[in-house]
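Engineer: Let's have the full structure, built from the sequences with the hints guiding it.
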Amino acid sequence: MSAIKPLVSVEHLSLAFTGNRKAQALTDVSFHLHAGEVLGLLGESGSGKSVTLRTLLRLHSERTTQISGLITVDGLDVLALNSRALQAYRGATTSMIFQEPGLAFDPVYTIGQQIVEVILAHEAVNHSVARHRALEMLDRVQIPQARRRFDAYPHELSGGMRQRAMIALALACKPKLLLADEPTTALDATVQIQILLLLRELQKETGMAVIFVTHDIGAAVEIADRIAVMYGGRIAEENAVAGIVQHPSHPYTAGLLGATVDSSHRGKPLISIPGSPPNLANLPPGCPFAPRCTSASDQCRTECPSVVESPAHADLASPPRLACWHPIR
Amino acid sequence: MTPIILQVRNLKKYFPVRANLFSREQKVVHAVDDISFNVTKGRTLGIVGESGCGKSTTARLIANLMPADSGAIIFNGEGVGEIGGLELKSFRKKLQMVFQDSFASLNPRLTISETISYGPMVHDTSKEDAHLQAHDLLAKVGLDPDLFASRYPHELSGGQRQRVNIARALAFNPEVVILDEAVAALDKSVQAQVLNLLQDLKAEFELTYLFISHDLHVVHYISDDVMVMYLGQIVEMGPVEQVYSEAAHPYTRALLSAVPSMDPAHRTQKSPITGDPPNPIHPPSGCRFHDRCEHARAICASLVPALMPVQSSHVVACHMNHPSSGYETSGSDVQYASAGATR
Ligand SMILES: Nc1ncnc2c1ncn2[C@@H]1O[C@H](COP(=O)(O)OP(=O)(O)OP(=O)(O)O)[C@@H](O)[C@H]1O
Ligand SMILES: Nc1ncnc2c1ncn2[C@@H]1O[C@H](COP(=O)(O)OP(=O)(O)OP(=O)(O)O)[C@@H](O)[C@H]1O
Ligand SMILES: [Mg+2]
Ligand SMILES: [Mg+2]
Numbered sequence: 009m010s011a012i013k014p015l016v017s018v019e020h021l022s023l024a025f026t027g028n029r030k031a032q033a034l035t036d037v038s039f040h041l042h043a044g045e046v047l048g049l050l051g052e053s054g055s056g057k058s059v060t061l062r063t064l065l066r067l068h069s070e071r072t073t074q075i076s077g078l079i080t081v082d083g084l085d086v087l088a089l090n091s092r093a094l095q096a097y098r099g100a101t102t103s104m105i106f107q108e109p110g111l112a113f114d115p116v117y118t119i120g121q122q123i124v125e126v127i128l129a130h131e132a133v134n135h136s137v138a139r140h141r142a143l144e145m146l147d148r149v150q151i152p153q154a155r156r157r158f159d160a161y162p163h164e165l166s167g168g169m170r171q172r173a174m175i176a177l178a179l180a181c182k183p184k185l186l187l188a189d190e191p192t193t194a195l196d197a198t199v200q201i202q203i204l205l206l207l208r209e210l211q212k213e214t215g216m217a218v219i220f221v222t223h224d225i226g227a228a229v230e231i232a233d234r235i236a237v238m239y240g241g242r243i244a245e246e247n248a249v250a251g252i253v254q255h256p257s258h259p260y261t262a263g264l265l266g267a268t269v270d271s272s273h274r275g276k277p278l279i280s281i282p283g284s285p286p287n288l289a290n291l292p293p294g295c296p297f298a299p300r301c302t303s304a305s306d307q308c309r310t311e312c313p314s315v316v317e318s319p320a321h322a323d324l325a326s327p328p329r330l331a332c333w334h335p336i337r
Numbered sequence: 595m596t597p598i599i600l601q602v603r604n605l606k607k608y609f610p611v612r613a614n615l616f617s618r619e620q621k622v623v624h625a626v627d628d629i630s631f632n633v634t635k636g637r638t639l640g641i642v643g644e645s646g647c648g649k650s651t652t653a654r655l656i657a658n659l660m661p662a663d664s665g666a667i668i669f670n671g672e673g674v675g676e677i678g679g680l681e682l683k684s685f686r687k688k689l690q691m692v693f694q695d696s697f698a699s700l701n702p703r704l705t706i707s708e709t710i711s712y713g714p715m716v717h718d719t720s721k722e723d724a725h726l727q728a729h730d731l732l733a734k735v736g737l738d739p740d741l742f743a744s745r746y747p748h749e750l751s752g753g754q755r756q757r758v759n760i761a762r763a764l765a766f767n768p769e770v771v772i773l774d775e776a777v778a779a780l781d782k783s784v785q786a787q788v789l790n791l792l793q794d795l796k797a798e799f800e801l802t803y804l805f806i807s808h809d810l811h812v813v814h815y816i817s818d819d820v821m822v823m824y825l826g827q828i829v830e831m832g833p834v835e836q837v838y839s840e841a842a843h844p845y846t847r848a849l850l851s852a853v854p855s856m857d858p859a860h861r862t863q864k865s866p867i868t869g870d871p872p873n874p875i876h877p878p879s880g881c882r883f884h885d886r887c888e889h890a891r892a893i894c895a896s897l898v899p900a901l902m903p904v905q906s907s908h909v910v911a912c913h914m915n916h917p918s919s920g921y922e923t924s925g926s927d928v929q930y931a932s933a934g935a936t937r
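First to last, the protein sequences are chains E and U.
Take my numbering: the last position of the first sequence gets the number 337, and nothing is skipped along the way.
Take my numbering: the last position of the second sequence gets the number 937, and nothing is skipped along the way.
No lab work stands behind these hints, which were simulated from the structure alone.
Idealized CB from N, CA, C, for every residue including glycine.
Accuracy of the hints is not assured; some may be wrong.
[What the hints assert, rightly or not] Which residues of chain U face chain E? A few of them, derived with a C-beta cut under 7 Å, are:
hint	residue
1	Ser645
2	Thr705
3	Leu726
4	Tyr746
5	Leu791
6	Pro833
7	Pro854
8	Pro858
[Stated by the list, open to error] Derived lysine-lysine pairs resembling DSSO-like cross-links, with alpha carbons at most 30 Å apart:
hint	chain 1	residue 1	chain 2	residue 2
9	U	Lys688	E	Lys276
10	U	Lys635	E	Lys276
11	E	Lys276	U	Lys796
12	U	Lys734	E	Lys276
13	U	Lys864	E	Lys212
14	E	Lys184	U	Lys734
Structural biologist: As structure tokens, this is what we get:
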């Protein structure tokens, strides 16, 4: 184990929605992340990726969610922050970018105004300093003619440019942790690779940690150091990127990789994972993947495996972790 | 020879944009700028290109969801909407569209079975027949009618809703289906299921697809032919294997090499294309790609390249590929063979 304290540690996090629609969205999720690391979060639709990020920012309504566990970011006990401390934490310690920049920007203010506002809200600087920093950020994310774009409204920018402006907004206060929820899913291949390279560069330069949620394994390979795969509100497997894509150990990870289309599939039917995702309002007693798993045994159907570190790699700072009774090989 | 089911001739659509308060000049976005192509019956034509290049507008014009400024659509040899041609109403049944946003395109107050039977009932099918057909179609797209027919859209997952959209499109017995980012919002396993379903339905109903997607792997998988658009125009078109292995247009090469690496030891180091797409209000002169093209010469800025064959059915609009164009090939920076290999 590394002696340095991780920047982010999530321990035994469980979250249930208790409003009209009940769902056990997260169950016993634990992971940690050091400064400068990028964790990719993969998994089926509805597996709890976005809920994990939203919980890290405490964005869920407290009235209708029940949370247990511990989240520590940069020494702060996130789940215990009072509302003033929470305001400071959001944006300055941790900030988030989304798939749809429309969620981040208010359509009635210019891009520049909004970045300036965020800086003024978090730092004791005057307007002209904030303006200077905002311009610098727009430049930094490679928005051409940043000075002109400063006064543009969100709808006047192309999709790729809006995405870059959102990154500028998220990074304006130099956060230590950036949460990215499918930021390149809606973009075409050329713009996607530009944004991924930009994020990689900014991440190296600032030393921030990043959690990057995606369905696109290629995007995760381009940006992440490690990948955690989620299924049914739990972490199924976590490993270095190469380990996940070259030697998946969890049958769900293998299924996910197998269903990903590439040129070798042409002319053949694709292999998909049979069955449907678990009902989070009524989870089965055993492993959530057992009903769809070809290697499931009676044990899998009655007893849920917990996430365990690989004993063979205990010397690593982040050894591979797996929750499966019958791992592949 | 296989018959051509759809001919698109000189299609054009300019969108007026909010004119400056103080100027009288009316500005327009050149969304689709004089494109022509043929679609062969029973084949799938993939359409790719940068965001905003006009893929969706092309699809909407073909489906008659908005009027074109000029151009013609010829379906099975008959001019659509022309006097003496094919009536719009019967054309609309023969060509259906499926969109990305499976939720927004379903009426939340109709059950799944009502949603699927609604269209045919408007087109004079009896209620009983339409309902029977809806149940058949649900089974066809892999949704058990006993379980799903009476559900509402919010009670379905994204993949299930997209199957409903496909079933609804099929209820008209269409000959052509346009799929605009129809699998983009699905996770990989569900995407694989829907792609398999589309392939099966195509064979069973002898369908022809126009398949628009940002996912170059998916386009490669499902398409027979592919059309590459850039800023409202077609820059390259041909059989998918040929275009993917021997892309002739520098933009196509850049696009294809922008696919993320799957090998963590060899990540992409450099973006194959720099800058942002040019302003569609004032497109660049000559070849619209010239200001981002590493092979551009004087002629590229002055003369619009025409689509010309490089091989029988593989066409490209690029001066570099056509010796008679006057493209200066003696310069030192002609690296045509290695272009695109930027990884
Ligand atoms: N406010 C809420 N109330 C009730 N259930 C919710 C709420 N928000 C999310 N859920 C449920 O929690 C589960 C996890 O959702 P989450 O958004 O984290 O999925 P995801 O992994 O991000 O999926 P996707 O890949 O589709 O974005 C889903 O079943 C979802 O329906
Ligand atoms: N109703 C409209 N009014 C004004 N401009 C429009 C309208 N619809 C589209 N445009 C513009 O026309 C151009 C082509 O848009 P279109 O939606 O066809 O692109 P696309 O290739 O489908 O892009 P994407 O990949 O992002 O879906 C863009 O510049 C767009 O902003
Ligand atoms: Mg999500
Ligand atoms: Mg579109």
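Engineer: Against chain E, is Pro833(U) within 7 Å by beta-carbon distance?
Structural biologist: Cβ of Pro833(U) sits 12 Å from chain E, so the hint is violated.
Engineer: Has the given pair, Lys688(U) with Lys276(E), been kept, meaning a C-alpha gap of at most 30 Å?
Structural biologist: holds, 28 Å
Engineer: Taking 30 Å as the top limit, are the C-alpha atoms of Lys864(U) and Lys212(E) close enough?
Structural biologist: Distance ~16 Å between Lys864(U) and Lys212(E) Cα, so the pair holds.
Engineer: Would the pair Lys184(E) and Lys734(U) pass a check requiring their Cα atoms to be no farther apart than 30 Å?
Structural biologist: violated, 50 Å
Engineer: Have a go at the Thr705(U) hint: is there a Cβ in chain E nearer than 7 Å to its own Cβ?
Structural biologist: violated, 20 Å
Engineer: Does the alpha-carbon distance linking Lys635(U) and Lys276(E) stay inside the 30 Å limit?
Structural biologist: holds, 21 Å
Engineer: Does the CB of Leu726(U) sit less than 7 Å away from some CB of chain E?
Structural biologist: violated, 26 Å
Engineer: Regarding the hint that Pro854(U) lies at the interface with chain E, is the smallest CB-CB distance below 7 Å?
Structural biologist: holds, 3 Å
Engineer: Does the nearest C-beta of chain E fall within a distance shorter than 7 Å of the C-beta of Pro858(U)?
Structural biologist: holds, 4 Å
Engineer: Between Lys734(U) and Lys276(E), is the straight-line Cα distance small enough, at 30 Å or below?
Structural biologist: holds, 20 Å
Engineer: Using Cβ atoms only, decide whether Leu791(U) comes closer than 7 Å to chain E, and label the hint accordingly.
Structural biologist: violated, 10 Å
Engineer: Can we keep the Ser645(U) interface hint, with Cβ of chain E closer than 7 Å?
Structural biologist: Holds, because the Cβ-Cβ distance from Ser645(U) to chain E comes to roughly 5 Å (cut-off 7 Å).
When held up to the earlier numbered hints, the structure conflicts with 2, 3, 4, 5, 6 and 14 and fits the remainder.
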